[in-house]
Amino acid sequence: MSSAFRHHHLISVEPLKADDVLQILDAAEVFFEVSMRPVRKVPTLRGKTIINLFYEASTRTRSSFELAGKRLSADVVNISTSSSSVTKGETLLDTCKTLQAMHPDVVIIRHSASGASNYVARRLDCSVINAGDGAHEHPTQALLDAFVMRRAHGTLKGLKVAICGDIKHSRVARSDTLLLNLFGAEVRYCGPNTLMPYRAKSLGAKVYNRLEEALEGVDVIYLLRIQLERLQGAPIPSLREYSRTFGVSQRHLKLAAPDAIVMHPGPLNRGVEIHPLLADCEKSAILKQVEAGVAVRMAVLYLLMSGKGAESLSEATGL
Amino acid sequence: MLVISQGRVIDPARNLDEQADVVVDGSRITKIGPRAGADLRGEQIITIDAKGRWVVPGLIDLHVHFREPGQEYKETIETGLRAAAAGGFTAVCTMPNTRPVNDTRAVTEMILARARQCGGPRLYPIAAITVGQKGDQLTEMADLCDAGAVGVSDDGQCVMDTAVMRRAMEYARTFDILVTQHCEDKNLSHGTQMHEGVISTRLGLEGCPREAEDVIVARDLLLAEMTGARYHIAHISSINAVRLLREAKSRGAKVTAEVTPHHLMLTDEALLEYDSVYKVNPPLREKKDRDALREALRDGTVDCIATDHAPHTELEKECEFAQAACGMVGLEQAVPVLLELVRDQILTPMRFIEALSTTPARIARLPGGSLREGQPADLTIIDPEHHWTMDAKWLHSRSKNTPFLGKKVQGAIMLTIVDGQIAYQRNT
Chain F
1 MSSAFRHHHL ISVEPLKADD VLQILDAAEV FFEVSMRPVR KVPTLRGKTI INLFYEASTR
61 TRSSFELAGK RLSADVVNIS TSSSSVTKGE TLLDTCKTLQ AMHPDVVIIR HSASGASNYV
121 ARRLDCSVIN AGDGAHEHPT QALLDAFVMR RAHGTLKGLK VAICGDIKHS RVARSDTLLL
181 NLFGAEVRYC GPNTLMPYRA KSLGAKVYNR LEEALEGVDV IYLLRIQLER LQGAPIPSLR
241 EYSRTFGVSQ RHLKLAAPDA IVMHPGPLNR GVEIHPLLAD CEKSAILKQV EAGVAVRMAV
301 LYLLMSGKGA ESLSEATGL
Chain W
1 MLVISQGRVI DPARNLDEQA DVVVDGSRIT KIGPRAGADL RGEQIITIDA KGRWVVPGLI
61 DLHVHFREPG QEYKETIETG LRAAAAGGFT AVCTMPNTRP VNDTRAVTEM ILARARQCGG
121 PRLYPIAAIT VGQKGDQLTE MADLCDAGAV GVSDDGQCVM DTAVMRRAME YARTFDILVT
181 QHCEDKNLSH GTQMHEGVIS TRLGLEGCPR EAEDVIVARD LLLAEMTGAR YHIAHISSIN
241 AVRLLREAKS RGAKVTAEVT PHHLMLTDEA LLEYDSVYKV NPPLREKKDR DALREALRDG
301 TVDCIATDHA PHTELEKECE FAQAACGMVG LEQAVPVLLE LVRDQILTPM RFIEALSTTP
361 ARIARLPGGS LREGQPADLT IIDPEHHWTM DAKWLHSRSK NTPFLGKKVQ GAIMLTIVDG
421 QIAYQRNT
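Chains as they are written, first to last, in this note's numbering: chain F, 1 to 319; chain W, 1 to 428.
Calculated directly from the structure, the hints in this document are not laboratory data.
Be aware that one or more of the hints could be misleading.
[Claimed, not checked] Distance windows between CB atoms, simulated:
id: 1; chain 1: W; residue 1: Phe175; chain 2: F; residue 2: Glu14; range: 41 to 47 Å
id: 2; chain 1: F; residue 1: His103; chain 2: W; residue 2: Lys51; range: 48 to 54 Å
id: 3; chain 1: F; residue 1: Asp19; chain 2: W; residue 2: Gly406; range: 48 to 54 Å
id: 4; chain 1: F; residue 1: Gln227; chain 2: W; residue 2: Gly300; range: 56 to 62 Å
id: 5; chain 1: W; residue 1: Gln345; chain 2: F; residue 2: Gly204; range: 36 to 42 Å
id: 6; chain 1: W; residue 1: Asp391; chain 2: F; residue 2: Ser238; range: 53 to 59 Å
id: 7; chain 1: W; residue 1: Glu273; chain 2: F; residue 2: Glu212; range: 37 to 43 Å
id: 8; chain 1: W; residue 1: Gln425; chain 2: F; residue 2: Gly204; range: 41 to 47 Å
id: 9; chain 1: W; residue 1: His387; chain 2: F; residue 2: Ser73; range: 55 to 61 Å
Every residue gets a Cβ at the ideal spot worked out from N, C-alpha and C, and that includes glycine.
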């Protein structure tokens, strides 16, 4: 029996069940094939309107959503802070009202304030996708990460994943942890306590202060950017000390499982959290994450907008 | 002449709790007794049937924000006093964070003059500790109190410099002036949005640890004992601060504290949907804090209840959580919302009224807080059973930023009398 996707928005991983995630990942597999064709476009969402509302600079997420929408034949409009009335001081509430009057089918929002997408979703009739809000969540990143992990290891069940870096300010770490916990994966956080969320264990992770212990036997080494702009207030004394104590290089790979992969949501600070050679080695899945991003976002857009389940995809894509 | 007939008269100042009549003649209470109004006859007598209701000394709020001068779009002295009367309060103390700040006699006098024009509940300004609430130069406290201020506080701008705070307490002690502190270490709280706990971690909002309150409470308690100042902790909210206060009081320190209705009734879990109506400072904390506050209020460690009535319009609340203003209104919510604590037997009716009237009067040395023959008639009639929905149509504050809007509550203010005059009467 075909089951329609039961969510109207994608704001957080929290309301998703394992079945929902698998439905998205399975659909993404189909769209991944579409992306490999000579003509990478299907007519599935013809006549639908997608608005990309980006209040924060973003290269990969914004272009990935834009490509995803275009490959599904939807009309995609990009609004970024530099080119809209936002710079003239329009409130988020007025922006919502303005967008509502344009009758979009989906609004995708990236914002520096945690909870901004919850706010927008409460005020718009259409579907809202959170493309990253403050230090809250980034659910499509978690989904594309899961896609890459599942492809590399065949399953998400029981995976050991070490997330290293500035976890306190990371929406990616929050979404990834919630998603991996749905599958009984073991999530480990590693970094200095100043970059650790308060009571990190409550998110469903084990906390480590030593890379050597955190990376022991893991299937995925997931590195987070040390955000230079966050260094005000000095959570770490220097980048030099950070890279010496928590920077990951190829010598750390032997601690991990033999088929471990290295992931990073980007942008990279080469030489800080990740050794330059590690980023480009054959264990690195960083570009696979980018590749998966378009397929996963096509799947999310398709499931939210078509109101159908993943089973109806063959008809939608001709596969 | 006004006869309030056969209500349950509760006066914590005299440990009185009995069915009685209260007779008001002109501006004064002339008689209180089981049959005090029974034999009175005449055309000039208005009788109010108070059977089943509580007749209590007028409530007194040590901590409100009336936004005038400067931000009258949020609240004026007039609308604020109307809200106070509707909430059963016959006297309020206004915090100095107006624009300009109440740090000079001229501002204090202007506020008092406006209040006199408006009538209704009595208004007692609290002036700033330092000029412009900037934390360095002391205000002319003696002159301010001479003009009518009843205490000093830098309100939301906690005095961070320990030497300045010491001098402020020493100087205030010279004139026996009450010093109220909003305890918040601004270095620890900088950039934070809510209480630091598992909820802030989950929401990705920068958390303010309760220790930001605790370290200032600890420091100030030491300074209060050192200087002998009359020191009052505004809106205590942390379990640790309660412990520190209890310990200081056990040594006999002359310190007092207030707690808000929202810290008694709500926790940080209310923020799970990023609803900025719950954004307050100090932030809503955890259940263990809330329970410690309830216990401390019950046993008297925390002396009284103050609302921290903080009006904001939708403009300041309808935005990203990070940008939303802190605070909620409370004057009209306090009694209906807090009566739940009486129903749950956490507070006796006597302790409830004591914390809302008798003790605040004692702390700020204000008239009232008791029902006595010969005293000015400031009193409130509460119906503890009345069921109603807290819709906007019932509210008088210019701002509606309260999470209790639209909530079903039990208990209502039926009548508020100030100086023998009816300041509020509920239409039923």
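Status of the hints after comparison with the structure:
With their beta carbons about 56 Å apart, W/Phe175 and F/Glu14 fall outside the hinted range of 41 to 47 Å. Range check, F/His103 to W/Lys51: about 60 Å between beta-carbon atoms, so the 48 to 54 Å window is missed. Our hint of 48 to 54 Å for F/Asp19 and W/Gly406 is violated, since their Cβ atoms are close to 36 Å apart. Between F/Gln227 and W/Gly300 the Cβ separation comes to about 49 Å, which falls outside the hinted range of 56 to 62 Å.
Distance hint for W/Gln345 and F/Gly204: a CB-CB separation of about 38 Å, consistent with the stated range 36 to 42 Å. At about 57 Å, the beta-carbon gap between W/Asp391 and F/Ser238 stays in the expected band of 53 to 59 Å. Distance hint for W/Glu273 and F/Glu212: a CB-CB separation of about 41 Å, consistent with the stated range 37 to 43 Å. A hinted range of 41 to 47 Å is violated for the C-beta pair W/Gln425 and F/Gly204, which are about 55 Å apart.
Remark: the range hint 55 to 61 Å for W/His387 to F/Ser73 is upheld by a beta-carbon distance near 57 Å.
The structure fails hints 1, 2, 3, 4, 8 (numbered hints given earlier, in ascending order).
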